[in-house]
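Residues per chain are reported as follows:
Protein chains: 2
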Amino acid sequence: MTMPATARKPAARLNELTATEIVAAVGSGHATCEAVARACLDRIAEREPRVLAWQYLNPEQVIAQARALDQSGRRGPLAGVPFAIKDIIDTCDMPTEYGTPIHRGHRPDKDAACVALSRKAGGVLMGKTVTTEFANRYPGKTRNPFDPARTPGGSSSGSAAAVADCMAALAVGTQTTGSTIRPASFCGVFGYRPTYGELRCAGVMEAAGSLDTLGLLARSLDDIALYRDVLLGIEPAPIPDNLTAPRIGFCRTHLWPQVEPATQQLLEDAAQRLARAGASVTDVTLPADFERVEDAHRWISSFEFARNFTWEIEHHWDQISETLRNGRLKDGLACSYERYRNACDLAARCRQLSEPIVGDHDVLLTAAAAGEAPLGLDSTGSASLYAIWTTLHVPSLTLPVFTGPHGLPVGVQLIGKRNADRALFAAARWVWRALG
Amino acid sequence: MTMPATARKPAARLNELTATEIVAAVGSGHATCEAVARACLDRIAEREPRVLAWQYLNPEQVIAQARALDQSGRRGPLAGVPFAIKDIIDTCDMPTEYGTPIHRGHRPDKDAACVALSRKAGGVLMGKTVTTEFANRYPGKTRNPFDPARTPGGSSSGSAAAVADCMAALAVGTQTTGSTIRPASFCGVFGYRPTYGELRCAGVMEAAGSLDTLGLLARSLDDIALYRDVLLGIEPAPIPDNLTAPRIGFCRTHLWPQVEPATQQLLEDAAQRLARAGASVTDVTLPADFERVEDAHRWISSFEFARNFTWEIEHHWDQISETLRNGRLKDGLACSYERYRNACDLAARCRQLSEPIVGDHDVLLTAAAAGEAPLGLDSTGSASLYAIWTTLHVPSLTLPVFTGPHGLPVGVQLIGKRNADRALFAAARWVWRALG
Numbered sequence: 001m002t003m004p005a006t007a008r009k010p011a012a013r014l015n016e017l018t019a020t021e022i023v024a025a026v027g028s029g030h031a032t033c034e035a036v037a038r039a040c041l042d043r044i045a046e047r048e049p050r051v052l053a054w055q056y057l058n059p060e061q062v063i064a065q066a067r068a069l070d071q072s073g074r075r076g077p078l079a080g081v082p083f084a085i086k087d088i089i090d091t092c093d094m095p096t097e098y099g100t101p102i103h104r105g106h107r108p109d110k111d112a113a114c115v116a117l118s119r120k121a122g123g124v125l126m127g128k129t130v131t132t133e134f135a136n137r138y139p140g141k142t143r144n145p146f147d148p149a150r151t152p153g154g155s156s157s158g159s160a161a162a163v164a165d166c167m168a169a170l171a172v173g174t175q176t177t178g179s180t181i182r183p184a185s186f187c188g189v190f191g192y193r194p195t196y197g198e199l200r201c202a203g204v205m206e207a208a209g210s211l212d213t214l215g216l217l218a219r220s221l222d223d224i225a226l227y228r229d230v231l232l233g234i235e236p237a238p239i240p241d242n243l244t245a246p247r248i249g250f251c252r253t254h255l256w257p258q259v260e261p262a263t264q265q266l267l268e269d270a271a272q273r274l275a276r277a278g279a280s281v282t283d284v285t286l287p288a289d290f291e292r293v294e295d296a297h298r299w300i301s302s303f304e305f306a307r308n309f310t311w312e313i314e315h316h317w318d319q320i321s322e323t324l325r326n327g328r329l330k331d332g333l334a335c336s337y338e339r340y341r342n343a344c345d346l347a348a349r350c351r352q353l354s355e356p357i358v359g360d361h362d363v364l365l366t367a368a369a370a371g372e373a374p375l376g377l378d379s380t381g382s383a384s385l386y387a388i389w390t391t392l393h394v395p396s397l398t399l400p401v402f403t404g405p406h407g408l409p410v411g412v413q414l415i416g417k418r419n420a421d422r423a424l425f426a427a428a429r430w431v432w433r434a435l436g
Numbered sequence: 001m002t003m004p005a006t007a008r009k010p011a012a013r014l015n016e017l018t019a020t021e022i023v024a025a026v027g028s029g030h031a032t033c034e035a036v037a038r039a040c041l042d043r044i045a046e047r048e049p050r051v052l053a054w055q056y057l058n059p060e061q062v063i064a065q066a067r068a069l070d071q072s073g074r075r076g077p078l079a080g081v082p083f084a085i086k087d088i089i090d091t092c093d094m095p096t097e098y099g100t101p102i103h104r105g106h107r108p109d110k111d112a113a114c115v116a117l118s119r120k121a122g123g124v125l126m127g128k129t130v131t132t133e134f135a136n137r138y139p140g141k142t143r144n145p146f147d148p149a150r151t152p153g154g155s156s157s158g159s160a161a162a163v164a165d166c167m168a169a170l171a172v173g174t175q176t177t178g179s180t181i182r183p184a185s186f187c188g189v190f191g192y193r194p195t196y197g198e199l200r201c202a203g204v205m206e207a208a209g210s211l212d213t214l215g216l217l218a219r220s221l222d223d224i225a226l227y228r229d230v231l232l233g234i235e236p237a238p239i240p241d242n243l244t245a246p247r248i249g250f251c252r253t254h255l256w257p258q259v260e261p262a263t264q265q266l267l268e269d270a271a272q273r274l275a276r277a278g279a280s281v282t283d284v285t286l287p288a289d290f291e292r293v294e295d296a297h298r299w300i301s302s303f304e305f306a307r308n309f310t311w312e313i314e315h316h317w318d319q320i321s322e323t324l325r326n327g328r329l330k331d332g333l334a335c336s337y338e339r340y341r342n343a344c345d346l347a348a349r350c351r352q353l354s355e356p357i358v359g360d361h362d363v364l365l366t367a368a369a370a371g372e373a374p375l376g377l378d379s380t381g382s383a384s385l386y387a388i389w390t391t392l393h394v395p396s397l398t399l400p401v402f403t404g405p406h407g408l409p410v411g412v413q414l415i416g417k418r419n420a421d422r423a424l425f426a427a428a429r430w431v432w433r434a435l436g
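Chains as they are written, first to last, in the working numbering: chain A, 1 to 436; chain B, 1 to 436.
Among the hints, a few may not be true.
[What the hints assert, rightly or not] Here are the simulated EDC-like pairs of lysine to aspartate or glutamate, each with C-alpha atoms no more than 16 Å apart in a straight line:
#1 A/K120 to B/E314
#2 B/K417 to A/D345
#3 A/K141 to A/E97
#4 A/K417 to B/D345
#5 B/K120 to B/D70
#6 B/K120 to A/E314
#7 B/K330 to B/E314
Hints listed in this document are in silico derivations from the structure and should not be mistaken for laboratory results.
Next up, chain A with everything else stripped away, as it sits in the complex:
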């Protein structure tokens, strides 16, 4: 097993700096944008044959962007920060192929909102990172940077792996079920799914519009907060320093038996450590309706997905994987409108029910994954644990705090209130300091 840079923690090379550190180094003249970009390209040259995080990478394009930034003297809030973009997100100067041969070589004519905002802030787009097919379950080529025999998770596979392996400081993924939180947990990085609807998805492939959000990946919590502000198009502000210990609701959910015993133990221990550090930690049990949310998520996402990909279904059925045809598409094409509507209604009811539950705490603490990244590359891991939180439209974060029985990372997931993402960051910082 080869440990990636995040695990080895050597004296910091430029590619190992966080985004916040890069901005400081570039701002103070201690590093150029080009030097940072070259350090990332060197890392990629060394590690890409093993990790396979990139769908498109053109070193000349990267260097040209970095040089132009150095020459312009423009210093935005992401000055010189190398970022990666999941390959379901439009870029004006690179292909966007959605993880499928159907769209091989496709070139959009403009940048998605999140790409344009990243570049406007001074970021350097490194390239396009591997996605599963249409951000669904059929895996891409990427391997877990901690162990090439294991999945990196998905669907934002390359985004999580590239950040974990210090090939880029930041990455944009997406999440419709667990596509950011799961790979972040498996790859040992911070992953953030924002409140539904807040970060613009213009130029991002729609999988299931009533569930889709962007997802951000980084190697520090400050980086996540910084990147969120950049993508909101607002002046970045530091995470508020939460001096008082948070009220934490430990929410195992009815899916607890699906969490591996070792991970259960890590979470139980974490809850105790947080209590000892001064947090109020109480058990939270969700009402029985929530046991049906995973099923509702299945029908909502499948119904919408199957309509969004009508063109591919009609014209390229034989180029769609069996996994997708016999999964989302089969479900979605068979789903009646009544079943879809009932699922949407259940989701809406649970959103309302969840407000006082989440509102009684600063954060809920729950599993970010059943365990370490599983062996094998045929699957990106179970999606069960994520459907509840994604369907509720609440913001969530995974923090890379645990090490599993094989020495691989496991995250802890924190859930915040809708439209209170900064409060989630503040509580997460407290948790990170107590556990990290």
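With chain A's structure known, arrange chain B on it following the hints.
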């Protein structure tokens, strides 16, 4: 003033049939898809120099599609129906230019969900209809089919004009403020804005994602219901026959003084006629909070719009109209996150407040426009009347029931409950029979 075919009501030529009638004619062998398409092309050849509804039209492509349908013998629920697509919606075989020189010649590589679903159902895509710049306010070339000196309304200008002038039976537009209801009223056709989130927007340019929906235009209510089912990807079902007279809430809103006196009188008369026909008609006054919804809509739409078009702002500022630069973009770039959040919170509160108000009635009756289409082509008309309903995420319909003082059409707008669009259609049919 030249009256378009909808006003003249001659013996029906094929291009003057509704979608429902075309499906019947093609299904029974009384017309071929090609004959219907040719009738529409003939109409376009005759009238396009005056109406200017089309951004892209290639008769050979149209005939080829129609012939292929005739030869295949496939008979979907839109068999042979000529439909038009607003030029902010992706098409795999035609340009998509968003009403701006910035994207001239842009060719997406696939059909938007709504286009693919229309074709799958047997529809014949006639071409791309004129939109205002980025579906905002700077007008395109289209003129009102009833009077070329008047605006057709916008932003779905060409979509409404093409359907009104019998160049196509159906059209897809979009609505972020009043972009479907207003041009439908001005052009004398049925216009429908669905419940927010229900009809998939994959492949449709995002203006302001938390407000955008598709908008459908047709020359009959049955056609609207049929097209909705096709775009939901479900088996079409006829509008339920509502035997009991509906409970109608007459909702003038605080913007009533902006409605022209002649239109006020038409609406008051209509309310009386509906009551005489047996409906329960009661006055509805909205709570004071609703007076701030138009302002909230302004900040929500501007904040989101300005971020979605970051690429154009950064690279093509000088090709953006003054109207857009000094309107949405100026507002959006100046809008603080706090102001945006407050606006979103007000919108969410009013959505909750509106539920019992709308729920006490089968429909609300309100103005679809201040009056007839105004003279001049520099503006597509006032957007004030629409912001409340669009922001509430409720479904709405305009029915072409009135004739204004200059002999031009004026619609009446009906508002339904969220996620009860078919109930809205049933009530609208009753209203249409009573007023139409």
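How the hints compare with the structure:
no.	hint	result
1	A/K120 to B/E314	8 Å, holds
2	B/K417 to A/D345	14 Å, holds
3	A/K141 to A/E97	14 Å, holds
4	A/K417 to B/D345	14 Å, holds
5	B/K120 to B/D70	14 Å, holds
6	B/K120 to A/E314	7 Å, holds
7	B/K330 to B/E314	14 Å, holds
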